[in-house]
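2 protein chains.
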Amino acid sequence: MAAKTALQVVVTGGAGQIAYSLIPLIARGLVFGAETRVNLRLLDIPPSAMALEGVAMEIQDSLFLTVLDGVIATTDEAKAFEGAQVAILLGGFPRRPGMERGDLIGKNAGIMKRMGEALERYASRNCKVVVVANPAPTNCIVLASHAPSIPRKNISCLSRLDHDRMVGMLLHEANRCLAEASGSVGNGTLGGVSDGGGGGGSRRRLGQADIRGVCVWGNHSNSQVPDASAVEFFVDGRWTPAASVIRDAAWLTLSSNAHERFDADGEAVLGLAEAVRGRGAAVLGARKLSSAMSAANAIAGHLSDWLVRPSAPAAPGLSAAAPAAPGAPQIVSMGVASDGNPFGVPEGLFCSFPVRCLGDGEWSFAEGFLLKEEAGHQLSLSVQELQEEKAMVLDALGGDASVQPPPSPRGGGGAAVGAVATLAKASGVRSNGTPISSL
Amino acid sequence: MAAKTALQVVVTGGAGQIAYSLIPLIARGLVFGAETRVNLRLLDIPPSAMALEGVAMEIQDSLFLTVLDGVIATTDEAKAFEGAQVAILLGGFPRRPGMERGDLIGKNAGIMKRMGEALERYASRNCKVVVVANPAPTNCIVLASHAPSIPRKNISCLSRLDHDRMVGMLLHEANRCLAEASGSVGNGTLGGVSDGGGGGGSRRRLGQADIRGVCVWGNHSNSQVPDASAVEFFVDGRWTPAASVIRDAAWLTLSSNAHERFDADGEAVLGLAEAVRGRGAAVLGARKLSSAMSAANAIAGHLSDWLVRPSAPAAPGLSAAAPAAPGAPQIVSMGVASDGNPFGVPEGLFCSFPVRCLGDGEWSFAEGFLLKEEAGHQLSLSVQELQEEKAMVLDALGGDASVQPPPSPRGGGGAAVGAVATLAKASGVRSNGTPISSL
Chain X
1 MAAKTALQVV VTGGAGQIAY SLIPLIARGL VFGAETRVNL RLLDIPPSAM
51 ALEGVAMEIQ DSLFLTVLDG VIATTDEAKA FEGAQVAILL GGFPRRPGME
101 RGDLIGKNAG IMKRMGEALE RYASRNCKVV VVANPAPTNC IVLASHAPSI
151 PRKNISCLSR LDHDRMVGML LHEANRCLAE ASGSVGNGTL GGVSDGGGGG
201 GSRRRLGQAD IRGVCVWGNH SNSQVPDASA VEFFVDGRWT PAASVIRDAA
251 WLTLSSNAHE RFDADGEAVL GLAEAVRGRG AAVLGARKLS SAMSAANAIA
301 GHLSDWLVRP SAPAAPGLSA AAPAAPGAPQ IVSMGVASDG NPFGVPEGLF
351 CSFPVRCLGD GEWSFAEGFL LKEEAGHQLS LSVQELQEEK AMVLDALGGD
401 ASVQPPPSPR GGGGAAVGAV ATLAKASGVR SNGTPISSL
Chain Z
1 MAAKTALQVV VTGGAGQIAY SLIPLIARGL VFGAETRVNL RLLDIPPSAM
51 ALEGVAMEIQ DSLFLTVLDG VIATTDEAKA FEGAQVAILL GGFPRRPGME
101 RGDLIGKNAG IMKRMGEALE RYASRNCKVV VVANPAPTNC IVLASHAPSI
151 PRKNISCLSR LDHDRMVGML LHEANRCLAE ASGSVGNGTL GGVSDGGGGG
201 GSRRRLGQAD IRGVCVWGNH SNSQVPDASA VEFFVDGRWT PAASVIRDAA
251 WLTLSSNAHE RFDADGEAVL GLAEAVRGRG AAVLGARKLS SAMSAANAIA
301 GHLSDWLVRP SAPAAPGLSA AAPAAPGAPQ IVSMGVASDG NPFGVPEGLF
351 CSFPVRCLGD GEWSFAEGFL LKEEAGHQLS LSVQELQEEK AMVLDALGGD
401 ASVQPPPSPR GGGGAAVGAV ATLAKASGVR SNGTPISSL
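Sequence lines, in order, name chains X and Z. Residue numbers for the first sequence follow the UniProt record's numbering, so the first one is 1 and each next one is one higher. Residue numbers for the second sequence follow the UniProt record's numbering, so the first one is 1 and each next one is one higher.
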């Protein structure tokens, strides 16, 4: 019976905007694979019960019967989490105008405590979790501490949207530079997406398989560290450092004051790091709605790389439309427990790192990545913010002693690193490392 | 160069909600096929330019580079329609509270006149068009009359959402009855989507490949005719009339007063036709937002069946997760020009009919369908409404003589029907036909 093998997936905030963009991706087999039947449980709070019912109607009307084995739309946590094998936590308390950051963190800590308890009580012991609700890494701390039976390595938060934004901007800029260099300038287009129809050159546009070494480290906040120091593009048959492709090298650096460029209208062009950090606000400002489509897309990527994809991204240099060929394991930015990380981040936090997805739910820290001086410095500031948030959470939950790193972390990384250095030390020791080609 | 072969697709109302759900489907190759590169032009009106820019940002952030060859987000009709090979017209004037139907039709006629002129002036002569903006069939009349170079057979409107809603409800009810009959009652779930995890029986659930004979005829309005008289399910290895599977036979009939059933809470269960007609309002009432997800899904189905799919729906009786096998050509409800239809609908209108999609942009009327007494009667009322709307459009556009059926319709159906009978006559002649198994 199909129901016996269906994957049990719970989505909280099921009536929200991100869920609305994510559900069709799940229901068309784009997250867990076309061969995996899914039993989808949509959870939301009672005031959203009607809206949730509307979503369930639309799911029926979309005839998603090939992948969806069943749908439960409910406000009952027990029903939603019972036997859950994957939990996608979108539901949180949004920041209201005038709200203090501490209040926001406290409100969401309460929600995450409930979610953690529900996981502990009802979910599969091997449930895989991605937290999207903000403050995502700190929410993971609360969640993990209230779901002690769930391995900490199974709990993650989304930094993939930041990662994908950075990849998109890097590809856009690299393609612009390559087109300019070869004399085929594409039509300028609104939003910066290049128009393949313009220009007369025949240079192949770089795609997702033609970039590596991207990482957004740290907190999912303005302190995030979009580190391009190890980025390489696959150009003319070989991996080439980003600074050799993108002529405005200062655009790539993390120190925003190093960058000065003006566009055709005389407006200052943001440096890469600043643009990545400000992207969510830019989309919100333009749409007056948050970036649900790209968030859902990033969640799909995060989960499919982690849980499904058998270490086979498209080989570089192929035309973008060509089928994927075996390649190096997927390395992406992922918010995970810091326990056992080789980058010097203290234990007991959740933080975005470069992570190697090994497929089938396994991952390890991508130990080939080196933290260069500026990235190390900025990461230490972001980690400081994570520690402050952790303190606020402890405060909000009444100093609950359970919100502590476990005495013996179960989730040690795959990297063969002995004693974990402090970040400050690592940052000093590892600075000025050169990008290596086997990243 | 890839750009030379990319499909040029324009989406109007590009900053709207349906576009927001549709873009990821296009950009992931789910509409025009994974092998077809797409140059996407998003058009909206100047007040939506910022929002459109936000959407373009999110497209870049979603790394849709495998399928998307380029994206243009613009408020300039010339740029959007230049060389367009597919036009998806979502943009229209929404009905405001207190607005008369005639006003709504007039406002949208003005928009469609512009769209028709843009098609005529800029688009490929073989551009395929689907109109989603309401009143969709009447909008097609205006559009076609202002784009005389575009074959009328290339212009369609969406009735697929109504069709899919009907399919979803029929499958749900059939599965409920089959489960009850075999003693394995699934858990009741919010929104009526069955929960495959419940029940102890081993009966295979019917999927999309296990139903045929569905058609929603007429206008895309409350006068639509969700006709289940020819519906059959593939049960126990053979095609079985719907009334032999669904025990509440009155639920299937078009005359709503024939149906009386009450659910567990004592509330009257709507008959199928009434439920299909009221579904849009039900979703709107529940979500407080229109049914963008399921509309986008229906548009994807409409276009891929029409333009891409090589007549190969999944073979019936296979497990829903099994790969599709060659089968009968896809028959779906589609709003098309009535010219040459074998069902007795007068020429010069656009109307939803059962249509056989032959792939690669070809379709023919599904002449195997018979109009039974009640469906024929209701269709004549819906056609009367279409004629009234046409008159309103003529009025709104100042009696523009060009809004007339062309003297010699280019878009005759594929059915080998001689003289086209009037609907009244056809309805009489064809009534009481029995469903035939080769539908």
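The hints are simulated quantities; they were obtained by calculation from the structure and are not laboratory data. Watch out, some of these pointers could steer you wrong.
For chains that are exact copies, the list does not tell them apart, and a pair is met inside one copy or across any two.
[Said to hold, decoys possible] Lysine-lysine pairs mimicking DSS-like chemistry, simulated, CA-CA at most 30 Å apart:
no., residue 1, residue 2
1, K372, K79
2, K372, K288
3, K288, K107
4, K79, K107
5, K79, K288
6, K372, K107
Hint check results:
Taking the closest pair of Cα atoms, K372 and K79 never come within 30 Å of each other, the shortest separation being 47 Å inside a single copy and 45 Å across copies. Taking identical chains as interchangeable, the C-alpha atoms of K372 and K288 are never at most 30 Å apart, the minima being 37 Å within one chain and 50 Å between chains. For the homomeric pair K288 and K107, the shortest alpha-carbon distances inside one copy (24 Å) and between copies (26 Å) are both at most 30 Å. Taking identical chains as interchangeable, the C-alpha atoms of K79 and K107 lie at most 30 Å apart only when both belong to the same chain, with a minimum of 24 Å there against 48 Å between chains.
Within a single copy, K79 and K288 get their C-alpha atoms only as close as 34 Å, which misses the 30 Å cut-off; across copies the closest is 26 Å, which meets it. In this assembly of identical chains, K372 and K107 lie within 30 Å of each other by CA distance neither inside one copy nor across copies; the values are 36 Å within and 60 Å between.
Taken one by one, the earlier hints fail for this structure at numbers 1, 2 and 6, listed in ascending order.
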